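Residue numbers (the working numbering): 6 to 541.
Certain hints may be false.
Unchecked claim - Simulated DEER-style distance windows between Cβ atoms:
| no. | residue 1 | residue 2 | range |
| --- | --- | --- | --- |
| 1 | Leu192 | Pro433 | 41 to 51 Å |
| 2 | Leu532 | Ala375 | 51 to 61 Å |
| 3 | Asn280 | Gly523 | 57 to 67 Å |
| 4 | Arg525 | Pro186 | 43 to 53 Å |
| 5 | Arg517 | Phe434 | 20 to 30 Å |
| 6 | Arg500 | Leu99 | 54 to 64 Å |
| 7 | Leu94 | Arg500 | 27 to 37 Å |
Everything labelled a hint here was simulated from the structure, so no lab data went into it. All values derive from a computational prediction rather than experimental measurement. Ideal placement from N, C-alpha and C gives every residue a C-beta, glycine not left out.
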Amino acid sequence: MNVFPVKWLSALAALTILPMFLLVVAAAQTQLQKTEAEELPSITVGPAPASKSPTIIKAPDTAAPPQRRLGTRPKTLQLRLDPKTGQALTPQQLEDRARRRVQAPRSLRPRQSAQPATPPPPGDRATSAGNDSGKVNEATGTRGEGIQVQNLGQAKVSAIGLLNAAQGGLGQDMWAGTRLPLVMALLPRLPAAASSPAMQSLRRRLLVSTALPPADDASAADAGDQDGSALAAARIERLAAAGDSDAVARLLKFAPLTMENAVYARVQVEAELLNGNVREACRMARNFFSGDNVSGPTTDDQAIWQKVMAFCLALDGQAAQVELYEQLLYENGIDDEAYFTLLSGLSGGEVEPLDKIARTGPLHLAMLRAARRAIPADAVKGAAPAVVRAIATSPNASLSLRLEAAERAEAMGILGTEILARVYASVPFSAEQAADAIALAEQQPGPSAAAILYQVARIDDQISGRARALAAAWRNGRRSGRYMTAVRVNLSQTRTIQPDPALAWFAAPAGRALLAAGDRDAARAWLLAVIEPARG
Numbered sequence: 006m007n008v009f010p011v012k013w014l015s016a017l018a019a020l021t022i023l024p025m026f027l028l029v030v031a032a033a034q035t036q037l038q039k040t041e042a043e044e045l046p047s048i049t050v051g052p053a054p055a056s057k058s059p060t061i062i063k064a065p066d067t068a069a070p071p072q073r074r075l076g077t078r079p080k081t082l083q084l085r086l087d088p089k090t091g092q093a094l095t096p097q098q099l100e101d102r103a104r105r106r107v108q109a110p111r112s113l114r115p116r117q118s119a120q121p122a123t124p125p126p127p128g129d130r131a132t133s134a135g136n137d138s139g140k141v142n143e144a145t146g147t148r149g150e151g152i153q154v155q156n157l158g159q160a161k162v163s164a165i166g167l168l169n170a171a172q173g174g175l176g177q178d179m180w181a182g183t184r185l186p187l188v189m190a191l192l193p194r195l196p197a198a199a200s201s202p203a204m205q206s207l208r209r210r211l212l213v214s215t216a217l218p219p220a221d222d223a224s225a226a227d228a229g230d231q232d233g234s235a236l237a238a239a240r241i242e243r244l245a246a247a248g249d250s251d252a253v254a255r256l257l258k259f260a261p262l263t264m265e266n267a268v269y270a271r272v273q274v275e276a277e278l279l280n281g282n283v284r285e286a287c288r289m290a291r292n293f294f295s296g297d298n299v300s301g302p303t304t305d306d307q308a309i310w311q312k313v314m315a316f317c318l319a320l321d322g323q324a325a326q327v328e329l330y331e332q333l334l335y336e337n338g339i340d341d342e343a344y345f346t347l348l349s350g351l352s353g354g355e356v357e358p359l360d361k362i363a364r365t366g367p368l369h370l371a372m373l374r375a376a377r378r379a380i381p382a383d384a385v386k387g388a389a390p391a392v393v394r395a396i397a398t399s400p401n402a403s404l405s406l407r408l409e410a411a412e413r414a415e416a417m418g419i420l421g422t423e424i425l426a427r428v429y430a431s432v433p434f435s436a437e438q439a440a441d442a443i444a445l446a447e448q449q450p451g452p453s454a455a456a457i458l459y460q461v462a463r464i465d466d467q468i469s470g471r472a473r474a475l476a477a478a479w480r481n482g483r484r485s486g487r488y489m490t491a492v493r494v495n496l497s498q499t500r501t502i503q504p505d506p507a508l509a510w511f512a513a514p515a516g517r518a519l520l521a522a523g524d525r526d527a528a529r530a531w532l533l534a535v536i537e538p539a540r541g
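Please work from the sequences and hints to get the whole structure.
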C-alpha cells in the first residue's frame, strides 16, 4: 500500500515542474525577440507588395463606403545625399541646409537707369474685370500690386561699346543726368591729340564704354536721331580723329553701316585710304554718287566724296570727267592747292613740284602713293593723329620725317613703343657719330640724336658708356618736349643696369626715369645704393 502513493507523487511532481519550465523558456524567447526588435527598427521603403491572389471584379457599391479604421503610418527612412560627395547627409547637415538663406533668382534683364515712371495712355491701361486691385493707378501709372506699367522704348544704336564696367568702362549709367543736346555739342570739342596718358585713357574710356544713351527729348527727334545713330557716329568720328583705328574698326562692325549717315561713310572711306585700299575707297565713292547725292548744295562731306571720285577717275584715265569734277570743286570754293596739284599730275597734266601741304589728310597720302611722290617734309605739321601715324610707316617718307612722325604718334599713344624702337634702329650712323653721340645730342637735339643715342645704349660694351648714353637721351627728350617717349623707348636698357654705388651720378636720372615709368621698386633700389655707402 505504501509503494503506490510514492510513485504517484513522483509523477505529479514531474507534471508540476514541466509547465513551469515551459513558461520560463517562453519568457526568455519573448525577451530575446523584444531586444532584436528594439535594435532593428522597422523600415518601410515604398508601398507594400501587391497580392498575388486573383483579382475579383465586383459591381460598384452605391452605398457609402465603410469608414476605414485609422492607424499609425509606418515609419519611413528618408535618405538625403550630398550632390558633391554622394554620401548621406547627417541630421546636423540637414538642419544647416534648412537654416540657409535662399537667394532670389538673378534677373536677366538689362539694368535701366532710374527715371520717373510716366503714366501710359488710357488705351494701354490694362484692367481686371471685377477686381479693383488690378486697376492702374491714375496718378502713378502703376498697378495696385506694385507692378509698373510703362511703354517700352526703342533700342538705341548709341548704346554700343567695347568696354563694360568690369573691363574698365565708365559704367552703363555714365550719361545719367546729362541731356543729349549737351553731349552732342561737347563731343566734337574733345581734343584728338593729347600727350598725357591719363587724358588718352579717359578719352578712350568715354568713347568706347557701353552705356545707356543720354536722356532724349524733342530736339533729338527733330534732329533725326531717334535711333541714336548720330551719337554713335560722333563717338566714332572722335575715335577716328584721335587715330584709334582699332576701336573704329570694331565699332563699325556693330554700327548699322549705311550711307544714310555721312559720318559713318566718311570715316570708312578715310580708313580705307590710310590703309592703302584705294580700290575699296573708289567703290564706296561710286556707290555714294549712284544715288541722289550729286545735285544740291555742296557740303563738307559731299566735297570730300567729290575729291575722292575725281581721284578715282584720274586713276582710271578718264581725264574729261576729272576736269568736270575739278571745275565743280573750284566753283564751290574748295581751296586745296596740294590736292589740285596732285590731281593734275595723275590725270596726265604737268607734274608740278609739291613742297608743302597745308593740312595733310588721308586723301593726300593716297594720292602721293599713287603718284609715287615723296611726302613733303612739313606734312606732319597740323596733320591729324591718324595721318601722323600713317606717315611714320610710309615708305615714301624720308627717314627724318618718319622719325618725327613716329615720335609724335608714340607720344599721342597711337603708335606702339616697339614700332618707334624699330624706326630708331633703322637709322644708320657712322663710328664718328657713335663716338660723339652725346656731343651731337647737345648740339642738335631732335629725333635723329635720339635714334643714335638709343642704338649706342644698346651696343656699348661698357656699363658706364650705356649709362651716359641713357642720361643724354633723357636730356634730349626734355629739350624736345618728349621726355616720356625717351623714357619708354629706353626702359628695357635702363633696367639692365644694376644699381651700383660706383654709378652714383647715374642714380638721380635713372631713379627719375624709373619713377616716371611706374617702376617704384627699381627706383628705390637706386636710392638705397647711394644712401647706404653715404651712411657708412
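Q: Note whether the CB distance of leucine 94 and arginine 500 lies within 27 to 37 Å or breaks it.
A: 57 Å, violated
**Q.** Range agreement (Cβ of phenylalanine 434 with Cβ of arginine 517, hint 20 to 30 Å)
**A.** 27 Å, holds
Q.
If I claimed the Cβ atoms of leucine 532 and alanine 375 lie 51 to 61 Å apart, would that claim hold in this structure?
A. Cβ of leucine 532 to Cβ of alanine 375: about 56 Å, so the range 51 to 61 Å holds.
(Q) Please check whether arginine 525 and proline 186 have a Cβ separation lying inside 43 to 53 Å. (A) 45 Å, holds
Q. Is the distance from the Cβ of asparagine 280 to the Cβ of glycine 523 consistent with 57 to 67 Å?
A. 33 Å, violated
Q: Check the following: the C-beta atoms of arginine 500 and leucine 99 are separated by a distance inside 54 to 64 Å.
A: For leucine 99 against arginine 500, whose Cβ atoms are near 60 Å apart, the range 54 to 64 Å holds.
Q | Verdict for leucine 192, proline 433 (Cβ pair) under range 41 to 51 Å | A | 45 Å, holds
Hint compliance for this structure: hints 3, 7 are broken, all remaining hints hold.
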